[in-house]
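What follows is the residue order along each chain.
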Amino acid sequence: MNKAVAFSSRNFKEIIRDPLSYIFCLGFPLVMLAVMTLVNDGIPEEAGMTIFRIDNLAGGIAVFGLTFIMLFTCLSVAKDRSGAFLVRLYATPMTSGSFILGYVLPTSLLAVLQLITTLAASFVVSLITGIELNTLGLLLTLLSLLPTVIMLIACGLLFGTLFSEKAAPGLCSIVISLASFLGGVWFDADGVGGVLLDICNALPFYHAVKAARMASALDFDGYLPHLLITLAYAVVITAASVIVFKHKMKADLQ
Amino acid sequence: MNAIETENLTKRYKTKTAVSGLSLSVHEGELFSLLGVNGAGKTTTIRMLSCLSKPTDGECYICGHNCVTEQSAVKGLVGISPQDTAVAENLSVLENLRLMCGIYGYSPEKANRRIDEMTELFRMSEVANSRAKTLSGGWKRKLSIAMALISEPKVLFLDEPTLGLDVLARRELWNVVEELKSKITIVLTTHYMEEAEALSDRIAIMIDGSLAALGTLSELEAQSGESGLENTFVKIAGEFGKGA
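Residue numbers (this note's numbering), protein chains in the order written: chain Z, 625 to 878; chain E, -13 to 230.
Among the hints, erroneous ones may be present.
Said to hold, decoys possible - Listed next, the in silico DSS-like pairs over lysine-lysine satisfying Cα-Cα at most 30 Å (straight line):
| # | chain 1 | residue 1 | chain 2 | residue 2 |
| --- | --- | --- | --- | --- |
| 1 | Z | K870 | Z | K637 |
| 2 | Z | K870 | E | K140 |
| 3 | Z | K703 | E | K40 |
| 4 | E | K140 | E | K169 |
| 5 | E | K40 | Z | K870 |
| 6 | Z | K703 | Z | K874 |
| 7 | E | K119 | Z | K872 |
| 8 | E | K119 | E | K96 |
| 9 | Z | K874 | E | K40 |
| 10 | E | K2 | E | K169 |
| 11 | Z | K872 | E | K221 |
| 12 | Z | K790 | E | K169 |
| 13 | E | K0 | E | K140 |
| 14 | Z | K874 | E | K221 |
| 15 | Z | K703 | Z | K637 |
| 16 | Z | K790 | E | K140 |
| 17 | Z | K872 | E | K167 |
| 18 | E | K0 | E | K96 |
| 19 | E | K2 | Z | K874 |
| 20 | Z | K703 | Z | K790 |
| 21 | E | K221 | Z | K703 |
| 22 | E | K167 | Z | K703 |
| 23 | Z | K872 | Z | K703 |
| 24 | E | K2 | Z | K870 |
| 25 | Z | K790 | Z | K872 |
| 26 | Z | K790 | E | K40 |
| 27 | E | K169 | Z | K874 |
| 28 | Z | K703 | Z | K870 |
| 29 | E | K40 | E | K2 |
| 30 | E | K0 | Z | K870 |
| 31 | Z | K872 | E | K2 |
| 32 | E | K169 | E | K40 |
| 33 | E | K119 | Z | K703 |
| 34 | Z | K637 | E | K2 |
| 35 | E | K0 | E | K40 |
| 36 | Z | K637 | E | K167 |
| 37 | E | K167 | E | K221 |
| 38 | E | K167 | Z | K790 |
| 39 | Z | K637 | Z | K872 |
The hints are simulated quantities; they were obtained by calculation from the structure and are not laboratory data.
From just these sequences and the hints, can you work out the full model?
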């Protein structure tokens, strides 16, 4: 465990000392929150479009922000794998478990900090716009998104292990776009329905956003299936990322 | 007991044999140089000895421990400074050293003591709080070696430690290696003949994955009939190439 803590401390410092972390992990979601609130302000009430209203936006932006944690996890792993630093560490008594925990612990902490910031900013927006968001709902949103945190960090670990430092960010950008679009962050997937809703339903992002929105509204009618689907994805992707990382590490040492 | 023993050590990849039937021993406290042109098998040999690669055939031992079947024991006995400077770029010199102490599970007191010792040995106090990415090539190499040494290894592998350094930085690194001589066993790979000549107790010349010659400088000179390591190397490499 000491080895994992030492390695995670290094990874945490590496991430927080990179200015891009603040821009993408913190700044960008907050900017999108502000921009979409302004967009919502410009939508006439009679249009009946509430997707960008803060009670819907809070959960969506929270999931959108977490996709950048995936990007940074992926970059950390891919960058280490492309350099000689991991070679040095492979020659120490560190195990694959220590490496995996070393990547997961700091990024989980960053994800929780990001969630707190995003949800706190959403609460401020709710006070300004006069649309009520209650604090218990926001706390439950944070808890509902913990499986999503694990799932996206596992995705980052998986992509960083499988792809090079050059290819991984591009792939993550595609996943970020897909996650926010097919998660129903920027449009009303239920309202559109049809094949698009089927695709959204088949992927975890829609369920993550749904669970977050329902938790913030303290509406638990049909909440559990969304949470369980996200949790199931988290378990499967985490298992896959651990297996792939261990396999790659073994292959590196052949 | 010898610090390193290899018996018929072989590493084959799909289409290439990187190391072929290498049998040698390195004595405790010895500075042993592995010379060879690019692709001669030096780095592959070091990788196998430091548990970074599994031999296809043969055996290798560090202080009597098998590098394949006793990996955790071997990993506790070796330190490696890879060819590329393997440091955490966004961490300071002290943080890099502390990271290695953490990985080896040192108590805070022991970690502080080892960090002080390394800082003094490598005269790094002036850059102790500088981030690794801001250091010159010479300082980075020193940090890389200090990170390998902080765990008090019995055997230290230095893979082309002075590659790309200017003459002053190289000489400074030589002084550090000189200070370490006889305290621990060092295996050095290098392309610089004068480096091997100045530092080594014994020298092994590898050609195309095989051991072409092994001995002290004077023994190699006598074997080749040449003087100076560069001439000796060229002669041995040429003769071995013809014989192969």
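To see whether the hints hold, each was checked on the structure:
{"no.": "1", "hint": "Z:K870 / Z:K637", "result": "24 Å, holds"}
{"no.": "2", "hint": "Z:K870 / E:K140", "result": "28 Å, holds"}
{"no.": "3", "hint": "Z:K703 / E:K40", "result": "24 Å, holds"}
{"no.": "4", "hint": "E:K140 / E:K169", "result": "9 Å, holds"}
{"no.": "5", "hint": "E:K40 / Z:K870", "result": "16 Å, holds"}
{"no.": "6", "hint": "Z:K703 / Z:K874", "result": "18 Å, holds"}
{"no.": "7", "hint": "E:K119 / Z:K872", "result": "28 Å, holds"}
{"no.": "8", "hint": "E:K119 / E:K96", "result": "27 Å, holds"}
{"no.": "9", "hint": "Z:K874 / E:K40", "result": "10 Å, holds"}
{"no.": "10", "hint": "E:K2 / E:K169", "result": "37 Å, violated"}
{"no.": "11", "hint": "Z:K872 / E:K221", "result": "42 Å, violated"}
{"no.": "12", "hint": "Z:K790 / E:K169", "result": "43 Å, violated"}
{"no.": "13", "hint": "E:K0 / E:K140", "result": "33 Å, violated"}
{"no.": "14", "hint": "Z:K874 / E:K221", "result": "40 Å, violated"}
{"no.": "15", "hint": "Z:K703 / Z:K637", "result": "15 Å, holds"}
{"no.": "16", "hint": "Z:K790 / E:K140", "result": "38 Å, violated"}
{"no.": "17", "hint": "Z:K872 / E:K167", "result": "37 Å, violated"}
{"no.": "18", "hint": "E:K0 / E:K96", "result": "45 Å, violated"}
{"no.": "19", "hint": "E:K2 / Z:K874", "result": "21 Å, holds"}
{"no.": "20", "hint": "Z:K703 / Z:K790", "result": "9 Å, holds"}
{"no.": "21", "hint": "E:K221 / Z:K703", "result": "42 Å, violated"}
{"no.": "22", "hint": "E:K167 / Z:K703", "result": "35 Å, violated"}
{"no.": "23", "hint": "Z:K872 / Z:K703", "result": "15 Å, holds"}
{"no.": "24", "hint": "E:K2 / Z:K870", "result": "26 Å, holds"}
{"no.": "25", "hint": "Z:K790 / Z:K872", "result": "18 Å, holds"}
{"no.": "26", "hint": "Z:K790 / E:K40", "result": "29 Å, holds"}
{"no.": "27", "hint": "E:K169 / Z:K874", "result": "33 Å, violated"}
{"no.": "28", "hint": "Z:K703 / Z:K870", "result": "17 Å, holds"}
{"no.": "29", "hint": "E:K40 / E:K2", "result": "15 Å, holds"}
{"no.": "30", "hint": "E:K0 / Z:K870", "result": "22 Å, holds"}
{"no.": "31", "hint": "Z:K872 / E:K2", "result": "22 Å, holds"}
{"no.": "32", "hint": "E:K169 / E:K40", "result": "28 Å, holds"}
{"no.": "33", "hint": "E:K119 / Z:K703", "result": "14 Å, holds"}
{"no.": "34", "hint": "Z:K637 / E:K2", "result": "41 Å, violated"}
{"no.": "35", "hint": "E:K0 / E:K40", "result": "14 Å, holds"}
{"no.": "36", "hint": "Z:K637 / E:K167", "result": "35 Å, violated"}
{"no.": "37", "hint": "E:K167 / E:K221", "result": "28 Å, holds"}
{"no.": "38", "hint": "E:K167 / Z:K790", "result": "42 Å, violated"}
{"no.": "39", "hint": "Z:K637 / Z:K872", "result": "25 Å, holds"}
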